[in-house]
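Chemist: From first to last, the protein sequence lines stand for chains C and H. Per the UniProt record's numbering, the first sequence starts with residue 1, numbered consecutively. Per the UniProt record's numbering, the second sequence starts with residue 1, numbered consecutively.
Just so you know, the hints here were simulated from the structure itself, not pulled from any lab data. Using N, Cα and C, we set each Cβ at its ideal position, and we do this for glycine too. Be careful, since some hints might not be right.
[Said to hold, decoys possible] For the chain H half of the interface with chain C, some residues (derived, Cβ under 10 angstroms), not all of them:
id, residue
1, Leu112
2, Ala151
3, Asp161
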Amino acid sequence: MKFRGKIIDVACLNHFSRVITTISKLTKTCVMRLTPDNLFFVLSGKVTNGGVSMWCELHQANFFDEFQMEGVSSEFNEICLEVTPENLSRALKTVQNAKSVKVKLTKKHCPCLTVAAELPSLSSNSRVVTHDVPVEVVPRSLWHEFKEPSMPDFDVSIYLPPLKTMKNVVDRMKNLSNFLVMEANLSGEMNLKIETDLVSVTTHFKDLGNPSWGDAASQDGGASQSRDPEAMAEVRVDIRKLQQFLVGQQVNPSKAMCNIVHQSVVHLILLHDDVSLQYFIPAVA
Amino acid sequence: MQCVVTGGNVKVLAKAIHSLSRIGDELYVEPCFSLCVNQSVQTVFRSVATLEKTVEKCHIELDEAKDRLTFTLHCKHGLLKTHNLSYQDSESLQAVFDKDSYANVFRAHPRLLVDTVVHFPLSVEEVTVTVSDERMWVRNHVEDEAERSRAMLTELCLASDEFDHFAVKAHHSITFCLKELRGLLAFAESTGLLLSMYLDEPGSPVVLSVTDSVLEGNFVLATLSDDHNLCKNNNKGPDAEQPPPPDDFMNDDIDSYLIAMDTSVAPGPSAANPPTTSLAAARETPSDRHRIRRHSEEEEDGDRLPNKKFRSIFFGSVLPPSPQTSMQPVPTQEVLASNSEDETEAD
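Let the sequences and hints guide you as you build the complete structure.
Modeler: Shown next, in the form of structure tokens:
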């Protein structure tokens, strides 16, 4: 197994760091999958993380000037590592002014992802800083847990309101209740509701627009076609999970949408130019 | 004792105090004998930016009869701010070090080290500095094996030509606290002076100094001694709880380290020390203390560095003590300001 990637462009380095920082705010540990063309950060929905799952996909060519990898075997040309994204984020944060940054898989006292940066210096030689981030290799037998999630059979798909606004609303609601109901319909309306013994609060969003999924939607058994556009599909979720998702977003995505499977799961999708992020929050009783 | 600090030097004094406050809670003032002044002295020099704009001079006076140290700030528009601080007598402690005999000497602008420590997360407690003929490596120190498999290891390599002076006679590797280093670097950078670093074998303190015509600052940091198996030996200070000291110190921290002092070791300051009037007190050889301390702490966290209070800072005037200054007539002044500290500075 070998991996070596090099980033020279300062904007790419900055962008890559911000993606890693976003991931680090979403989860403490996750699995990093490396293929010849892509990088994936995957969190599989388990009881321990409240059933939340995440899939983040980057095209390596958009970030790395050089990218070489050799997977476990030629048949399975992939590397799967369990990482703590916060360490990676810290390592990248301080080297934003580097001339170049290399990320490689190394074996030190244990398998590590080594971030090595060449920094500007006063002398003829560059200053080199290396960060060895310990990782764990995920055995092939477990790879099936980290596959790309399939698009759920959703009832409603809707564009999200500005994430910052959502975050402000959710932050305040969190003070009142542990659970929040997210509901939306095919007329571009979304409500965020909380209800306690003393008070109920609802924030209404209108004219959000509904993405058309093209053929997939129209062939979808007619269920969505014949759906009453005013009918709300709702999911009751743990408010902290939604808040955690919103807190991590540092950059406005080019597209932000949400698929709701009634009383089952909220599927959030953020698309940026070079990276896509999917986040699943399950319903709570 | 009375002294007057004028103009821009007030800012330097303030910055020194801020820097020291990042290292310890107690400030030892040593004109002719030692005092111990608690952290309230930092509030006297709270806002460096405001001080710079408003304070013309600072008058420091010791009133032994009343056990009082008075700071009087002469500000613009005839405003006088007087701070009366109480102090406690304490024994004079001397750090035993002879930086001029150290094997390795480096000199650089503090910015170089500031740019180095920025790569370490704030959670990193100790760093290890290793030197060879042409290079200096700085990396974070990880305590035990278990942490090693989880912790991120960061290492920075500096080439000798990044330094103004780089003289290595012995290849050593020393480990000391990063927090204190950050504090002293902030001060050193603000002086605009070159920082000198004296490095010897593990166990010997590392000394960092800034010097100019009116100021000499020596920051002496204890380093981990080489022998990690020392705790297996029998002990001099058996308990983790140190018995109370003979003197009436009020602060537990001072108690514990004073008691750990091995009084059999404590030669006077070596002849090589410059004859400056040092303003701060110190303690005995860090390595001795460290060894003693490790016995008592073996139950606790293994290879911890000695209590972080054990740092000594020397600030001295390099001017020879002038008989005139000590006999300067002091204009009698009424104390105009009360003891209560006003948050807002009048401008």
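Chemist: Check the structure against each numbered hint from earlier and tell me which ones fail, lowest number first.
Modeler: Structure breaks no hint.
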